[in-house]
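*Asks:* The task is simple: from the sequences and hints, build the whole structure.
Below, each chain spelled out in residue letters.
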Amino acid sequence: DSGVTQTPKHLITATGQRVTLRCSPRSGDLSVYWYQQSLDQGLQFLIQYYNGEERAKGNILERFSAQQFPDLHSELNLSSLELGDSALYFCASSSIGRNTEAFFGQGTRLTVV
Amino acid sequence: AQKVTQAQTEISVVEKEDVTLDCVYETRDTTYYLFWYKQPPSGELVFLIRRNSFDEQNEISGRYSWNFQKSTSSFNFTITASQVVDSAVYFCALISYNTDKLIFGTGTRLQVFP
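If you're matching them up, the sequences are chains E and Z in order.
Residue 44 in the numbering used here sits at position 41 of the first sequence; the count goes up by one each step and never skips.
Residue 99 in the numbering used here sits at position 100 of the second sequence; the count goes up by one each step and never skips.
Just so you know, the hints here were simulated from the structure itself, not pulled from any lab data.
Incorrect hints may have been included.
Here are the simulated DSSO-like cross-link-like pairs (lysine-lysine), alpha carbons at most 27 Å apart as the crow flies [said to hold, decoys possible]: (1) K12(E) - K60(E); (2) K15(Z) - K37(Z); (3) K12(E) - K100(Z); (4) K12(E) - K15(Z).
Bear in mind the structure is a predicted one, so any value in this text is a computation, not a measurement.
*Replies:* Shown next, in the form of structure tokens:
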């Protein structure tokens with residue numbers, strides 16, 4: 004158990020809908036990363052937050068947004084969902100960021116039908 | 000720009016064989032950190048090792064060993080006497096001091112047959 008909790012584990016929704024994925028980092032970790040893993044694209048970095056502030060942005064679509072709350076949990080919002088958004092979404096946390104390892108949650112498997 | 004290349008898409012070996020997974024990275028920063036993660040069939044990502052750019056010592060942990068060579072920008076991972084439980088996808092990752100982006104390679108799928 005990495006100590007990172009993601010909910011829900013599975014999500015099935017229709018195209019055009021909006022979903023929210025939740026991540027609780029390990030106790031004490033200030034940094035949260037979000038990744039998308041699809042079959043043909045590997046692990047794509049989406050966004051990183053550090054202590055509530057956005058620190059780095061990857062290939063995150065405009066339809067996607069994220070935030071990190073004062074209690075350090077994070078949410079990834081996906082809207083106007085398309086079939087191609089079906090993927091495994093991972094959250095990871097680390098204590099500082101760059102020079103410490105990131106620990107991953109078990110992921111949320113999103114299926115858009 | 001940062002980049003991690005894992006040229007081996009899939010490797011198949013028979014149990015007890017040694018296997019090396021290659022990782023080549025690119026970064027303009029002099030301070031950076033390299034990682035290996037394992038993703039077994041169950042799907043979770045498991046941290047294996049972290050190495051910073053100032054520490055070129057090779058590391059051994061049981062059957063696992065890592066060879067970091069700055070001269071060739073490589074951070075290769077060797078499993079000695081492979082076992083069926085080593086079957087997984089292995090990812091190499093890089094974060095540079097000035098970017099905050101933890102970037103992953105495309106992964107190498109290792110299949111170990113009995």
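*Asks:* Give a verdict on every hint.
*Replies:* Evaluation of the provided hints:
| no. | hint | result |
| --- | --- | --- |
| 1 | K12(E) - K60(E) | holds (24 Å) |
| 2 | K15(Z) - K37(Z) | holds (19 Å) |
| 3 | K12(E) - K100(Z) | holds (25 Å) |
| 4 | K12(E) - K15(Z) | violated (35 Å) |
The structure does not agree with numbered hint 4 stated previously, though it agrees with all others.
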